[in-house]
Amino acid sequence: MNRFVTANPSKCIGCRTCEVACALAHSDGAGVEGLGPESFKPRIRMVKTADVSTAVMCHHCEDAPCVNSCPNNAIVYRQHSVQVEQERCLGCKNCVLACPFGVMDVVTVPAVRQFAVMTLSLGVKAQAHKCDLCIGRDAGPACVSVCPTNALTLMDRDAMDETLRRRRERAALEAAEVAA
Amino acid sequence: MEKHMAVCPYCGTGCKLNLLVEGGKVVGAEPLNGVTNEGELCLKGYFGYDFINDTKILTPRLRNPMLRRSRDAAFEAVSWDEAIQYAAKKLSEIKAKYGPDSIMTTGSSRGTGNETNYVMQKFTRAVLGTNNVDNCARVCHGPSVAGLQVTLGNGAMSNSIPEIEHTKCVLVFGYNVADSHPVIAKRIIKAKERGAKIIVCDPRKIETARLADLWLPLNNGSNMALVNAFANVLINEGLYDKEYVANHTEGFDEYRKIVDKYTPEYAEAITGLPAEDIREAMRIYAAAPSATILWGMGVTQWGQGVDVVKGLSGLALLTGNLGRPNVGVGPVRGQNNVQGSCDMGVLPTEFPGYQKVTDPEIREKFAKAWGVPSLPDQIGYRLTDVPHLAETGKLKAMYVMGEDPAQTEPDLTQVRKGFEAMEFVIVQDIFMTKTAMFADLILPATSWGEHEGVFSAADRSFQRFTKAVDAKGDVKHDWEIISLLATAMGYPMHYDNTREIWDELRELCPIFYGVTYEKMEGLGAVPWPCRDLDSAGSKYLYEGNVFQRPGGKGLLFATEWRPPRDQLTEEFPLILCTVREVGHYSCRSMTGNCAALQTLADEPGYVTINPKDAKALGIRDQELVWVSSRRGKVISRASVTDRTNKGAVYMTYQWWIGACNELTIHAVDPIAKTPEYKYAAVRVEAIADQVWAENYVQQEYAKLKGGLSNAVTGATNKAPAYA
Chain A
1 MNRFVTANPS
11 KCIGCRTCEV
21 ACALAHSDGA
31 GVEGLGPESF
41 KPRIRMVKTA
51 DVSTAVMCHH
61 CEDAPCVNSC
71 PNNAIVYRQH
81 SVQVEQERCL
91 GCKNCVLACP
101 FGVMDVVTVP
111 AVRQFAVMTL
121 SLGVKAQAHK
131 CDLCIGRDAG
141 PACVSVCPTN
151 ALTLMDRDAM
161 DETLRRRRER
171 AALEAAEVAA
Chain B
1 MEKHMAVCPY
11 CGTGCKLNLL
21 VEGGKVVGAE
31 PLNGVTNEGE
41 LCLKGYFGYD
51 FINDTKILTP
61 RLRNPMLRRS
71 RDAAFEAVSW
81 DEAIQYAAKK
91 LSEIKAKYGP
101 DSIMTTGSSR
111 GTGNETNYVM
121 QKFTRAVLGT
131 NNVDNCARVC
141 HGPSVAGLQV
151 TLGNGAMSNS
161 IPEIEHTKCV
171 LVFGYNVADS
181 HPVIAKRIIK
191 AKERGAKIIV
201 CDPRKIETAR
211 LADLWLPLNN
221 GSNMALVNAF
231 ANVLINEGLY
241 DKEYVANHTE
251 GFDEYRKIVD
261 KYTPEYAEAI
271 TGLPAEDIRE
281 AMRIYAAAPS
291 ATILWGMGVT
301 QWGQGVDVVK
311 GLSGLALLTG
321 NLGRPNVGVG
331 PVRGQNNVQG
341 SCDMGVLPTE
351 FPGYQKVTDP
361 EIREKFAKAW
371 GVPSLPDQIG
381 YRLTDVPHLA
391 ETGKLKAMYV
401 MGEDPAQTEP
411 DLTQVRKGFE
421 AMEFVIVQDI
431 FMTKTAMFAD
441 LILPATSWGE
451 HEGVFSAADR
461 SFQRFTKAVD
471 AKGDVKHDWE
481 IISLLATAMG
491 YPMHYDNTRE
501 IWDELRELCP
511 IFYGVTYEKM
521 EGLGAVPWPC
531 RDLDSAGSKY
541 LYEGNVFQRP
551 GGKGLLFATE
561 WRPPRDQLTE
571 EFPLILCTVR
581 EVGHYSCRSM
591 TGNCAALQTL
601 ADEPGYVTIN
611 PKDAKALGIR
621 DQELVWVSSR
631 RGKVISRASV
641 TDRTNKGAVY
651 MTYQWWIGAC
661 NELTIHAVDP
671 IAKTPEYKYA
681 AVRVEAIADQ
691 VWAENYVQQE
701 YAKLKGGLSN
711 AVTGATNKAP
721 AYA
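Chains as they are written, first to last, in the UniProt record's numbering: chain A, 1 to 180; chain B, 1 to 723.
Since the hints were made in silico from the structure, they are not lab data. Predicted, not measured: the structure shown is a model, and the values here were computed from it. No residue lacks a Cβ here, since even glycine has one placed at the ideal position from N, Cα and C. Careful: at least some of the hints might be erroneous.
Unchecked claim - If we take Cβ atoms under 10 Å as the criterion, some of the chain B residues that face chain A in the derived model are:
id: 1; residue: Glu193
id: 2; residue: Thr208
id: 3; residue: Leu597
id: 4; residue: Ile671
Full structure from sequences and hints, please.
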């Protein structure tokens, strides 16, 4: 099973701490002072409506529409997650349209190449932009670690099994109450 | 990487954290397992540290003392020696000419700490010879202190923050916990998970209303009517604890007479709430084996704040929800050390440790300890009196420390006139602020992160914080600056460190005596009262249901509801209520200089409006709009949302362009003198030319930022004449 981050709307307080942690975790170590309105592109987004506050992010689908829609095989299943091979991304936005959750975006970043001691500008490079589960970060997804109300959880097979077990137990108890 | 333990400098939750330091620069913050935060931090706690590094995103750090010898002159950087001598001479002259009561000082409820506040009030009382010292509790929980002191005998939260998650019912009244204290919001979520019932009284659908079992969206300005109706239900349905009322309270008969009129049906007309919901709320509250009332500015920032506080404490008294764990009354303090500035006697009525200035024995004790023949016996001025007192010539000089009244007080036009009318203004701060632009002398202090000390969390817990980095520039600790000024004015004052100050005040305040630096080492938190060296302090107050009043009983108090002061008219048909948002804090001098926080929210800020009101006015979401009141007019951005009730609009108070305090009214509670920030009549208008409006915001913002920045760079460029 692919791992994914889930948000519990009954715990979310809409504070956007997750968004900042996400942006920082993908800032190549630039740190908080590198953040600015133009460069702020979190892969998790807090959504607030009249009745709901919650974060939305990639589900790392098992049969992912983004993977299926990519004409250049840039989106792949890897390490129990859906990952983008950025060097293959064309920026065609098929994946953006395919994603039913609105959590895939295409962004452009400055493209550069190091040649001897020179940095050559190659214009811009498109990137399919979505949650990568902070792959490579020892402590796991940054959003999960900072959420002040613990509204975010990293779901893997074990966590999913535990959730299902608790739900079945609750269902059994409720059934017993009905029978009584 | 170095790690230095600190307590978060933002809200009053008192979260312990480590500041991460590399090469003398703060590069991160990580949570510690403190008593109140248990390993959590919020948005500001995690990402609100870079202001220390002088990012200049909003306004520059102050690096030198700066003086202007006349109001039309530019600031010039001067030496500390010159700055102190100048201040001492001016203050002494004004004192000699107009008397000590012509001078007023402020403490700071922010990053400076308790020791500085103690020193400031000592300077004010012993050196200047006046009780004119106050702090921003005046504009926030002043009514909670005044109200609870009368009914229960103590103005603070009765129970500790960790207890909130173990209560069986939380009654949240006028308190947006998610935006004000995110880490306390977690306690409420946990309480609910443990089976507690949540009741929320708030006109807006705040985050806590989403998870409430019962949400009472009362009309803006109807608090007293609702609280009286609550009491009416408790009494008339026989839900109150008769034995507790008989044994531990007084005033029941008089109380009953007043609330008798406030049947839920009577209150329905004022509050707009169905009578049945009012009944249901009290049935839930009274049925809970333990219940906690939490409130915030939605209770206090009214012309009738003190009365409502007294009324809320009455609900706890009626149901016996005091004097034991997991119950109580919780005025949750907004600023990290606003509890502390009150604790330290930065109040015109009280010495440190809540000892009255009107008590001759107390005065004598402090006079003896401070080595002066006598101390002033008259209650001093309140912060909100300042504009009027200055304009009428009663107040001639003001020494503002770590506050920005030109941003945070109501009716800013009046505030500016007040500052202009004064003969001498000192501003002591870490940043160039809007208030500092009115100063004759600016004294630069070290910031949180650059000094150590003790803060008081909202639940009365004293906690130590340490220094992480050395300050840059020619700056000094706040308490050091005040000591130098005292000495220059002929009162030798010298402290080597904060501990020395702490030990001096501990000896003078019986309720703090047992709180030693040793006990607060590391993650140690000691809630006062703590009278003995072997005591761990008091997690909850009123043990044994003994109240700190003559006779030891709690007072039941009710009074008639009064409508808000400002009048809605055809010209100004909407209610403006000022509120908080999670990412910015107070006047924004700190959070506005933090890259992450400023990225999430910048000028001109939002005015939130109900979709029906927006539609009637032809306003679409995210458009710029004019908001005007009888007192001013500002530009803001519309956020059209169903969470905002019809007929009211809401603005946060930290913006320079969308400055809601240009619009608010100077109508104050008669006792606490806290302004009615929650109710001003306004008009909202669409702007046809949005391109012009966007440009206007950018230009005005650049002008304001440039003005503050140039004042500092202009002074330092001319600087080192003395160096």
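Each hint, compared with the structure:
no.: 1; hint: Glu193; verdict: holds (9 Å)
no.: 2; hint: Thr208; verdict: holds (8 Å)
no.: 3; hint: Leu597; verdict: holds (8 Å)
no.: 4; hint: Ile671; verdict: violated (34 Å)
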